[in-house]
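Chains as they are written, first to last, in the numbering used here: chain Y, 1 to 125; chain V, 1 to 125; chain S, 1 to 125; chain H, 1 to 125.
Hints are not guaranteed to be accurate.
Unchecked claim - Computed spacing ranges between beta-carbons, pair by pair:
id	chain 1	residue 1	chain 2	residue 2	range
1	H	N23	S	N25	18 to 26 Å
2	Y	P81	S	N23	48 to 56 Å
3	Y	L29	H	A18	41 to 49 Å
Just so you know, the hints here were simulated from the structure itself, not pulled from any lab data.
The beta carbon of each residue, even a glycine, is placed where N, CA and C say it ideally should be.
4 protein chains.
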Amino acid sequence: MEAIGRTRWVIPEGYIPAESMVNANEELLSHEAACILNTGDQDASVTITIFFTDREPAGPYRETVGARRTKHVRFNNLSDPEQMPLGIPYASVIESDVPIVVQHTRLDSRAAEIALLSTMAYPVE
Amino acid sequence: MEAIGRTRWVIPEGYIPAESMVNANEELLSHEAACILNTGDQDASVTITIFFTDREPAGPYRETVGARRTKHVRFNNLSDPEQMPLGIPYASVIESDVPIVVQHTRLDSRAAEIALLSTMAYPVE
Amino acid sequence: MEAIGRTRWVIPEGYIPAESMVNANEELLSHEAACILNTGDQDASVTITIFFTDREPAGPYRETVGARRTKHVRFNNLSDPEQMPLGIPYASVIESDVPIVVQHTRLDSRAAEIALLSTMAYPVE
Amino acid sequence: MEAIGRTRWVIPEGYIPAESMVNANEELLSHEAACILNTGDQDASVTITIFFTDREPAGPYRETVGARRTKHVRFNNLSDPEQMPLGIPYASVIESDVPIVVQHTRLDSRAAEIALLSTMAYPVE
Numbered sequence: 001m002e003a004i005g006r007t008r009w010v011i012p013e014g015y016i017p018a019e020s021m022v023n024a025n026e027e028l029l030s031h032e033a034a035c036i037l038n039t040g041d042q043d044a045s046v047t048i049t050i051f052f053t054d055r056e057p058a059g060p061y062r063e064t065v066g067a068r069r070t071k072h073v074r075f076n077n078l079s080d081p082e083q084m085p086l087g088i089p090y091a092s093v094i095e096s097d098v099p100i101v102v103q104h105t106r107l108d109s110r111a112a113e114i115a116l117l118s119t120m121a122y123p124v125e
Numbered sequence: 001m002e003a004i005g006r007t008r009w010v011i012p013e014g015y016i017p018a019e020s021m022v023n024a025n026e027e028l029l030s031h032e033a034a035c036i037l038n039t040g041d042q043d044a045s046v047t048i049t050i051f052f053t054d055r056e057p058a059g060p061y062r063e064t065v066g067a068r069r070t071k072h073v074r075f076n077n078l079s080d081p082e083q084m085p086l087g088i089p090y091a092s093v094i095e096s097d098v099p100i101v102v103q104h105t106r107l108d109s110r111a112a113e114i115a116l117l118s119t120m121a122y123p124v125e
Numbered sequence: 001m002e003a004i005g006r007t008r009w010v011i012p013e014g015y016i017p018a019e020s021m022v023n024a025n026e027e028l029l030s031h032e033a034a035c036i037l038n039t040g041d042q043d044a045s046v047t048i049t050i051f052f053t054d055r056e057p058a059g060p061y062r063e064t065v066g067a068r069r070t071k072h073v074r075f076n077n078l079s080d081p082e083q084m085p086l087g088i089p090y091a092s093v094i095e096s097d098v099p100i101v102v103q104h105t106r107l108d109s110r111a112a113e114i115a116l117l118s119t120m121a122y123p124v125e
Numbered sequence: 001m002e003a004i005g006r007t008r009w010v011i012p013e014g015y016i017p018a019e020s021m022v023n024a025n026e027e028l029l030s031h032e033a034a035c036i037l038n039t040g041d042q043d044a045s046v047t048i049t050i051f052f053t054d055r056e057p058a059g060p061y062r063e064t065v066g067a068r069r070t071k072h073v074r075f076n077n078l079s080d081p082e083q084m085p086l087g088i089p090y091a092s093v094i095e096s097d098v099p100i101v102v103q104h105t106r107l108d109s110r111a112a113e114i115a116l117l118s119t120m121a122y123p124v125e
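With the sequences and hints as input, model every part of the structure.
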């Protein structure tokens with residue numbers, strides 16, 4: 001299959017709840033993810049830049065998404081060049097050297113139950 | 001009505017929770033669906049390709065969506081050429097021989113209550 | 001403000017849960033809505049066509065959205081030319097004589113708590 | 001980074017629940033937000049116009065989003081030229097003098113648990 005999508009995507013809404021339900025396992029931990037699909041035959045070198053409300057942007061964070069592979073990148077786990085903070089608003093721009101498609105998802109387990117949100121990221125022309 | 005939409009759609013986020021609430025009926029079972037609408041006067045032959053994080057893609061899975069019909073395809077039920085796995089990330093590309101429109105929805109009933117997410121799939125130009 | 005948007009929109013995912021939480025008031029009743037905005041200076045004459053999995057489409061259902069007004073149309077309330085059914089999958093096409101913008105939202109209160117989903121409808125070129 | 005996005009965005013669905021869970025802190029209060037990202041090197045002057053079902057639009061509400069900053073504007077907090085009402089449907093148009101990207105999110109904590117929805121706003125050509 002050919003490489004599908006765009007090389008730049010934007011997610012204006014970002015927020016990783018600082019708390020989770022009691023005894024949450026890895027899957028049910030409050031988290032936010034950028035789900036990236038690379039349908040093409042070349043590995044994708046992806047960089048993520050994080051924007052904040054009151055300081056200069058952080059990054060670039062670097063990820064590789066293999067050819068014909070998907071990767072669900074959890075923002076919680078981004079730690080190089082600096083650890084992603086919890087409990088504050090942020091936004092992200094995701095850039096790739098080959099076309100990809102990006103979807104944004106949050107699982108919020110602050111309460112006893114879970115809540116979910118998801119939307120396709122904004123594809124830049 | 002004429003055939004509306006595109007012939008290729010992408011859903012980067014995929015994950016079928018492996019658990020459901022106690023005594024969930026068919027409707028409240030944790031599931032993920034690609035909701036497909038074919039407004040045109042010709043049946044749509046649809047193929048679904050599934051991408052994973054650490055192996056080559058699976059598929060094609062084949063579905064038919066009748067003329068002037070909608071079909072909510074549950075990923076859980078895809079079994080030919082191989083059964084869809086639960087509890088791991090995946091992504092999908094949906095292709096059709098006539099224009100269709102595709103929306104992605106998940107119902108997660110792992111906790112005692114349900115959570116929902118939905119977004120329009122990404123329409124490939 | 002000028003008239004913003006498109007004259008045709010598609011929502012492939014449709015499902016009105018047949019049950020609601022005990023003692024749900026009008027607001028917390030399980031429902032599905034097409035939220036329509038008409039920013040222009042002319043009233044919008046809107047028609048909604050409903051597609052099913054196993055029968056011919058229903059409609060057209062007719063709505064008016066005033067100039068510079070928004071209208072959140074609940075699918076539950078569509079009754080002419082025929083009552084919208086609960087508990088089965090459907091899809092919709094929304095057409096207008098002037099540009100509008102359409103967003104899809106569901107509130108599901110089958111369990112003791114509520115779940116929400118929302119996405120922008122698909123704008124036809 | 002250059003300025004990314006569009007200068008006009010539309011959110012047809014708007015509704016701020018009038019109630020929240022008992023003892024909700026600021027974060028868990030029922031609210032609705034327009035998450036705005038300004039990736040460019042110039043501050044963005046943003047105006048928000050609110051549309052209703054049965055009266056003329058309100059606004060413009062004015063916000064500034066700094067260069068290389070994100071701002072999650074809570075509709076609940078809009079009070080000048082008039083206080084945003086709770087518990088009624090509304091819609092919004094968001095305009096900027098430089099390109100921005102806008103995502104819509106609601107947190108509903110009327111029940112004992114929370115529910116979330118989110119979608120990218122509609123980018124006007």
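Quick rundown of the hints versus the structure:
1. H/N23 - S/N25: 18 to 26 Å: For S/N25 against H/N23, whose Cβ atoms are near 22 Å apart, the range 18 to 26 Å holds.
2. Y/P81 - S/N23: 48 to 56 Å: For Y/P81 and S/N23 the Cβ distance comes to about 52 Å; the hint holds.
3. Y/L29 - H/A18: 41 to 49 Å: 32 Å, violated
Consistency note: the structure conflicts with earlier hint 3 alone.
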